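Asks: Chains as they are written, first to last, in our numbering: chain A, 2 to 160; chain B, 2 to 160; chain C, 2 to 160; chain D, 2 to 160.
Check the hints yourself; a few may be wrong.
Since the list can't tell identical chains apart, any single copy or any two copies may satisfy a pair.
[Unchecked claim] Below, computed lysine-lysine pairings styled on DSBU-like, alpha-carbon distance capped at 30 angstroms:
no., residue 1, residue 2
1, Lys11, Lys32
2, Lys32, Lys82
3, Lys32, Lys72
4, Lys34, Lys82
5, Lys32, Lys47
6, Lys34, Lys72
7, Lys47, Lys82
8, Lys82, Lys72
Because the hints were derived from the structure by calculation, they are not lab data.
The structure displayed is predicted, hence computed values, not measured ones.
There are 4 protein chains.
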Amino acid sequence: MAITASGCHKGELVEADILRADLEGRSLDPKRKSSYETLLHCQVYKRVPECGAIFHTHSVANTVLSRRGDKVNLAGYELLKVLEGITTHDVTVTIPVFDNDQDIARLAGTVDAAMRQGAARHGYLIRGHGLYAWGPTLASARHRVEALEFMFECEMRSA
Amino acid sequence: MAITASGCHKGELVEADILRADLEGRSLDPKRKSSYETLLHCQVYKRVPECGAIFHTHSVANTVLSRRGDKVNLAGYELLKVLEGITTHDVTVTIPVFDNDQDIARLAGTVDAAMRQGAARHGYLIRGHGLYAWGPTLASARHRVEALEFMFECEMRSA
Amino acid sequence: MAITASGCHKGELVEADILRADLEGRSLDPKRKSSYETLLHCQVYKRVPECGAIFHTHSVANTVLSRRGDKVNLAGYELLKVLEGITTHDVTVTIPVFDNDQDIARLAGTVDAAMRQGAARHGYLIRGHGLYAWGPTLASARHRVEALEFMFECEMRSA
Amino acid sequence: MAITASGCHKGELVEADILRADLEGRSLDPKRKSSYETLLHCQVYKRVPECGAIFHTHSVANTVLSRRGDKVNLAGYELLKVLEGITTHDVTVTIPVFDNDQDIARLAGTVDAAMRQGAARHGYLIRGHGLYAWGPTLASARHRVEALEFMFECEMRSA
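Just chain A, with the same shape it has in the complex:
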């Protein structure tokens, strides 16, 4: 997989800040370490075979919502149809919130256990930290993140 190098400012990324790593999270560039959260990316790639791209976003809305409770329920939004396999607004999608953990291997294990039981099909939040979401292509992953962030912004302003 391609992944950002560790310690890069996300607003200043250049092409050289993207490196390759294997699915155990080992950088294939001997001189650089990959992102501190590489194992969270590995977990999704291994658990979701069709996954081709993962986005991790820090927004005000997703951060605020992740601190309010253990899940965010999104229901009745037309934009839910952007998510995989959803063809109507008339559903409830639950985005789980996991407690943040600096032990990324342990956090990846927690996420994986939840996903094995069917949770987090469309993405998940880490409390006080951000969103993980994905799709088969970069474009689809981005469209889903945009839809989720839009709905999070609506939820934040509705409470």
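Following the hints, put chains B, C and D in place on chain A, whose structure we already have.
Replies: Below, chains B, C and D alone, put in the same frame as chain A:
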């Protein structure tokens, strides 16, 4: 009418994503389908003879307000004068909210029945989905949408 | 004075949309009318001899605040020092709110009566409509408007 | 130190608006005075030996929070790790709020007394005025300000 093709990301539209359709919603381009919501556009063009352009917008403010109740009353705003036939701030304009429906023909029928009775003269909201508004020209439709969205933003922040 | 022509969209102004008018509000361009609110500009130019530029802004914050009460008190902000003659944050500046009125001559009279009594030294709000503020130069008027709008945004988010 | 000249609009700075001053706050340019708040910069440079750059920001969020109480506690945010010496989200960082004071020497003394006792390690707020934060380089100072402002925005929207 000109209308966007189905399934296009609205932030990435190119000229080729605009196709022609008739007022029954049939694409005149044999290779592409028009927007999933084409029949809502047809309904307005048929019901409002002077309509020359229709805008459908997804904003945080219009989405949040559409989930609060069955209408949005706009009163006392100078910008109401941007709407058709309004010459004073000292009026109340009601923007109705219709329940979302994946059966677009049925939703268009609901909207049409309301408009026949004089509702939705200046536009309408679909719950959790967005705004429809229009005008005789692209520019006038855009100015009206801008005015409505500005007032929605004020209403959202006033509750 | 230079003033925008009537009926121009403020986001699309070009140089030709600025015309000259006298201080009674009569356009010096025989083919074009000046802004519907020209007499409000005349009132300030006549009442405030050092005034060299007037800005009228429609922001979400100033619109929301103008609908909450009959004045906005700004106190304790460092940015108050941007306003004329103010050298400390430790003051209260009152921005009065006047009811909107489509009879602009009458509204200008109301504003003038208040200003004769010392109100609105730093600007005023029209309810549901916007801010009027000014300064000896375009730059100073803009800096004051920026400071007022920043404080309005803070007030809106503090209530 | 390099510092902005007094009286410059911060949105219109040009290179000539940056001058040099000594750590007692005396401009080395005989024709120009340095910022009115120069002594606050001197205080940090003298108290924090590794400091290489100081940012002072006026944001809506930091202004609103600074008017709510005498400190802002930031806890549980992943972005706390951007701050110096912090390696986990699982801490509470306290950003103190000092009352604004037009006597900058006196305000610098108040800040210095608090810093001597270990407060304001990561920055401080002046009530109704803004944030001071710093770092060993311009880039690190900016990253810290960005992280603090992001968390302030979350706090403002959570109350």
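Asks: Sort out which numbered hints this structure fails and list those numbers smallest first.
Replies: The structure conflicts with hints 3, 6, although it agrees with all the remaining ones.
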